[in-house]
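Same order as they appear, the protein sequences are chains A and B.
Numbered by our numbering, the letters in the first sequence go through residues 1 to 721 in order.
Numbered by our numbering, the letters in the second sequence go through residues 1 to 226 in order.
DSBU-like mimics (lysine-lysine), calculated; alpha carbons at most 30 Å apart, straight line:
#	chain 1	residue 1	chain 2	residue 2
1	A	Lys309	B	Lys36
2	A	Lys635	A	Lys377
3	A	Lys317	B	Lys74
4	B	Lys131	A	Lys545
5	A	Lys377	A	Lys559
6	B	Lys2	A	Lys317
To be clear, the hints were calculated from the coordinates, so they are not data collected in a lab.
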Amino acid sequence: MSLEPQELDDLTSKIGRKPTSTELQIVAAEWSEHCSYKSSKKHLKMLPMKGPLVISEKGYDSGVLDIGDGYVITAHIESHNHPSAVEPYGGAATGVGGVIRDILSAGTRPIAIFDGLRFGDIEKDLQARWLFKNAVTGIADYGNCLGIPTIGGEVEFDECYTNYALVDVAAIGFGKKSSLIKNHAKKGDIVVLLGGSTGRDGIGGSQFASDSLESENRSAVQIPDPFIEKLIIEAILEARNQKLIHAMKDLGGGGLSCAVSETADALSIGIEMDVNKVHTRESDMNPDEIMVSESQERMLIVTNTEKLKKLEEICKKFRISCSVIGHVTFDNMMHVKQGSKTCANLPTDVVANAKLLDRPSKKPAYLENIEKEKKLKPISDYSKMMMKFLAAPNIASKIWVYGQYDHEVGIRTVVKPGKDASVLRLDNGKFLSAKIDGNPKHCYINPREGAIGCFEEACRNVVCTGAKPIGMLDHLQFGNPEDPEIFWTFLESLKGITDFAKYFEIPCVGGKVSLYNETPTGPIKPTPIIGILGLIDKAPLFSHKIDAGDTIVIIGDTKDEMGGSEYFEYIHKFVGGKCPVVNFAESKSHMNTVLDVIGKGLVKAAHDCSKGGLAVAVSELCMTYQIGCNVSLEKIPGPKLDVDRTLFSETHSRYLLVVDKKNLQKLDGLLKKSKVSYKMIGTFGGENIRLNKENKPIIDLRVDKAQKTWFNSLRELVVHG
Amino acid sequence: MKVGVIVFPGSNCDRDMYHVLTDVFNLDAQYFWHEKGLPKNIDAVILPGGFSYGDRLRSGAIAAHSPIINDVRKMADKGIPILGVCNGFQILVEAGLLPGALLKNTSLNFMCGWTNLIVENNKTPFTNKLKLNQKIPIPIANGEGRYYVDNDTLKKLKKNNQIVFRYEEVINGSTDRIAGVCNEDGNVVGMMPHPERAAESAINPIDNKPSSLIFESLIKTIGVKN
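So that you can see chain B by itself, here it is in the shape it has in the complex (with noise of 0.2 Å):
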């Protein structure tokens, strides 16, 4: 099964995606430069972290702009796994597939280190191995994460259970310490923590049990290497 990892200009964390999914859980991973087309026989497609475009106007805003955007957004109608991580999360969110905004963090510094994440729905396509309330240890890194809804919208995504993880603690001042959304069909899910560097043992100082398994839930969707 094949997943694709998108690069755009100034993407920094697509090499750390690609040795995850391909050298620690054996899938079929796949780069693609964000001016190409994405192929039909793409199973899952991930938006990786980084500064695209050098994060000027807003974050995320330009690459949102991105040709390959429209492929993603077939896919993302077909139904097909979508995860943006971090600056994908924003790209994501910019391009209207994630609802809210992520606004500056309230300490108005980049902040890079460990924090929990709470699993607050387990049936999207990235967190179905994974329980209800789970603890995850991760690390964020990112200066404009705070993630930012309206209350009608608060309520409408509690409604339709769209709200994927949340902080265990206010570290940014997120909306209702809100980590990852999925959109209302939920194979569109969006999250700035970075699971790509927890799921090793090797450089997890806590337990990279939890954010593996955000990796072997698509796997369960997906399915292995063909």
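Same shape as in the complex, but just chain A (with noise of 0.2 Å):
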């Protein structure tokens, strides 16, 4: 892997001389689509990245918002897929530290975990229980070791990535605004590399992740070790708190090429430094691999000489490595020597700015066809076709995942995992409620729509705790972008994305774009993944119990939208139809109304309607507070429509709101001013799970059998497996 042929031209006309072969190795980690966004980069030009509560630094990896009182969160979100797909173990868990970096390098401290992964069909592909299993023990053990609690994410199943792997990992931190480090350098400043040393893993990396997953090159996935980053977390912090810190960069892909020039690069200064002083694992290690390997856990630190023995202090007290490798110059040349040896000396803004294409788009010829439905075998006992649907691995609890990372460390975590969103308390009193959350099926299907999809759930899961969003990761995951058809879905899933931020004045504060996502069946359905960061100003919203009597309020229509279901393709194996629509100022207006009836202490519980539809909300509900429950189904507003499509639609803007009856008459006037579309369907009590039409249960379930399945199944899937 190396340069396309007008990339090395162009590299040739640029510095005018043949580049030395470290030269070659170092612009092509960094022009490689990982590192450089060269396909993406002119359109993500598109999103809202600004907004009151945005703070922007140059050079920082992670977004920063103010909440107020002196104190900020940071929030950067990263994928690992392709080393994830070859070595589940390792990519999962290096994609959990290189995240953590990224947060750290602002100067605060890393205090949440969130993952997203994807897998094919672990029903049928052992494989893909293989990577399942082993991402997540991966994740576990790295987060688990730093002592950063893993809070929430997702875990979804589709065939299509089917020998592949999408692990994403989203981090959150949290600091003074005082303390954030704010990138720069003066005369004389010195280049130090802090960390673990220097080896042959990881080499290559970001050209590796950069292209279609052809052959399992092992070599290029770095090697985890959780006890070094969690030295580093508490050794920069130190430093941080002693002022010693003038810049600060992680080393992740590309390594010291692109942590290097992209410093440089930002602070428009020029690094001068020496190979030979890097500490490396192995001794023959060669320039050009030392300048690319991706090995884990290290990081570039611009300082002085002075600071530099606190600095050594600080190292030596945590046992850690810390080189001093290079000096500042004010050239803007990236120099890097062995000994007294030029092994490469580069304008950093041509190192650090690849040539950013044009790629053309077309319409996929799938979609011409897709959203006709077909006539469907209809269900002749909706209980037991519940029951199975409840224990699918789309479904079913992901309290086996969740239950294996730590959660609580850290004490911030006051809602839980296995709600809509988990919710920590800060040390202002306001709590941060955050949530990832992505849909393939619906993004397939329409990629506009189904990526809106996706950022409207996400808001609503952290709507549902009572947090206002204040800010938006994105993460673009797509196949080849060289293909026109895969480049137009990625391109109408960012204008879908971009005109929902626009509307709601949601800011991006931080992304990440992973194109070449090949299985070799063909290319991943497109993949955007939101992650909302919510505030809540006084406290959260949730509940332990919920009483007979307490009534089920359903807000928002019921629509007839079916295409991209869990139900059309786990239970009918059927992919085509119309996918939700998220309808902008119907959203608005039901969030403002939910968080505003939370926010006057009305409901009890809030929960949203989204994968497996109307019957899976309530019964997740009555599942995790283990109480019965009577809906109506002809109370369900919306267009008339039939059993399945009552049930099973996965229509956006629909919150389920569990009430005290004694708040019900204050509620309802509320949301009949609100002009929301709405209705009470149902309450709870009893030990059945039951929605009638016209008085029929046409599903009755036992809630402590539903509850043992769908808690269950995929843990026996898994381990019996």
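With the hints as a guide, bring both chains together as one complex.
Encoded structure:
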């Protein structure tokens, strides 16, 4: 893997000579899709990145939001798809490590991890099961050791990921605004490499991630060491407290090549460094290998000689290595030497800025007929079908996954995993609610509306905890961008996300693009992931208990939107139909109304309707709170629909509210005034989940039996598989 | 009265423990890095949870040889209250200050979740405000939390009243459902669950009173801030 012929010409003409071998390696790493975003960068500019709470600083790898009282939160999202598909344990673990260091780079302490995992059909595919199990263990072993709680995420299985894996990791940091590292460099400053040693693991990792996965290139996968990462976190935060850091960047994709060139470019400086000064794991590494190794747990720090002594003392305390590898210059050149010999001497702006591409796009042919529905086999027994549905890997409780993650450490986790969104308490008395969501089934049918749906769903989830969305992270995962049809789906998703973000004034505070996600049988379905950060000023909504007699209120119409539904795809094995479409005005008024009634204390619990539709959402409430219910399907607001559609349509902008009888009248008045479409659709009580039509149960399940199936099916599948 | 919180490389519940001791229970707590000694005026010592040395070799095995453990040992001999939580418990066991061993959970997985403890000994400095058989809702978070002792040692533990906590149900394969033990003198206590994660109502979804009593027992033993 190296530069394309035209890129080589471009480089040669820009520097006016033939590049050296080290220069080629450096530029190939930095100009890879993974590091340079050359296919996507032109288009990403459409996303709104500014907002009243957003703090922008040069050279940050994470987004920063001002949450008042002198505190900030930082957030970032990354993926580690290619490595995880080859070596799921190490790939997933180092994915966590990378995003944590991005949070650390801003000078904030990481306080939460989220992960979004996607694999093939684990019911049939043993390799998918192996990938799933090991990716979960990799995340658990890394995050648990760091003592950073993994508090949320999502797991999804779809045949489009056969022989592949999507491992997305998001992280959140918290700190004082005054402690943020304001990246800068002064004359005489030195460049220090701190942390793990540089070895031969992860060589060419970023190029590996910028191509279709054809061979099992294990040497391109990095080796995780969470213990070193933990020491680095504590050492860096101590150095931050002593104000020893002028600028900082983590070493991720592209290793030293990217960290050095991007730091220099962001600060408009030059850096001269000597590869002999880099502490290596093996003695015979050549300069090319040192420059592109993606060995983990390393940080690049700019400081001065006076502060170096104190920094070295901190490193000695934590027994981590720290080498002065170079110094700051003001010629805007990245000068790499081995002793006195020059290996590379390139203008930093040339290295750090690959030529951006304007790739062609074309609407994919498959979309022509995708919205047509076919006649499906009628369901004779909905109760029986529902039990099967609750055990479906995409519907079943993910407790087997989050039960392996320490989600309590840090003692901030007020609302624990398993609810719509987890909530953390912050030191200024406010609360942070966060969730990530994706939906490749919807996005396959309609890349634009599907992506908007993911955005709205993530918002709904934080809204259900009483939080107002204040920032968004996007992670856009698609196949080979050189295919115009795939590039079209990327653009459509991006446009959808941009429109929604602008309408709701939710700035994009961080993101990532991952392309070339191809399996042996073709590209993955378009898989944009949206992470939402929500802020709660007073208290989050969470309740221990639902009582008999509490009312279920639904907000939002249920529409005929079955395309890409779990019901069509899992029960009927049918891919097609019209996918749910978000009406922006409706969405906004529902969101505001729900936040208003939660804020007024009229709601005991709130839950969004998403995967599996209304039937699953109602059942989830019953199973979580271990209480039965009686719901009348004819009361569901919206156009008249058949039973299938009423139960399983995945229309967005719908919320289920649990309301105490004594608050019902007041709530009714407020909802009427707000003009949202809503209805009281039933009450809680008894030991059965009952969804009735004209007083006859269509679905009738014992809560305890349903709960057992829902809780245990994923574990049974994995443990006994 | 001063409580020392020992920090090993890889400890990760030290800040949580410190927060609960100082902000919640108004105790005078101080961190001690594992390479330093403990001053003589310390009234109690807590070894917090985490992954000291990344759980290399065995959980707690390397930290048990840290310089500070010599001082912990001396304090244990003097009868000063010492509590090890999770990895702290593992370290005390590896250091030979508590009997038994901690093995991989029977599920072979890391387990994080809420469970109930039953108080079996309310004479220790950390349980003297709890009632016998009192139930404590509390979170666990460990991969190697299965307490193991052989039959003879188990008999001895029972005879000397060294079993401090049991799990209400079988959750990880621990011998006799043991979740926490003490030394023969009763001043050194180790437990796998995390009382510091359950002592505040804001983060305890069930009932924070019983876990609070673990800290209040310590206050009863050593007194409040001077």
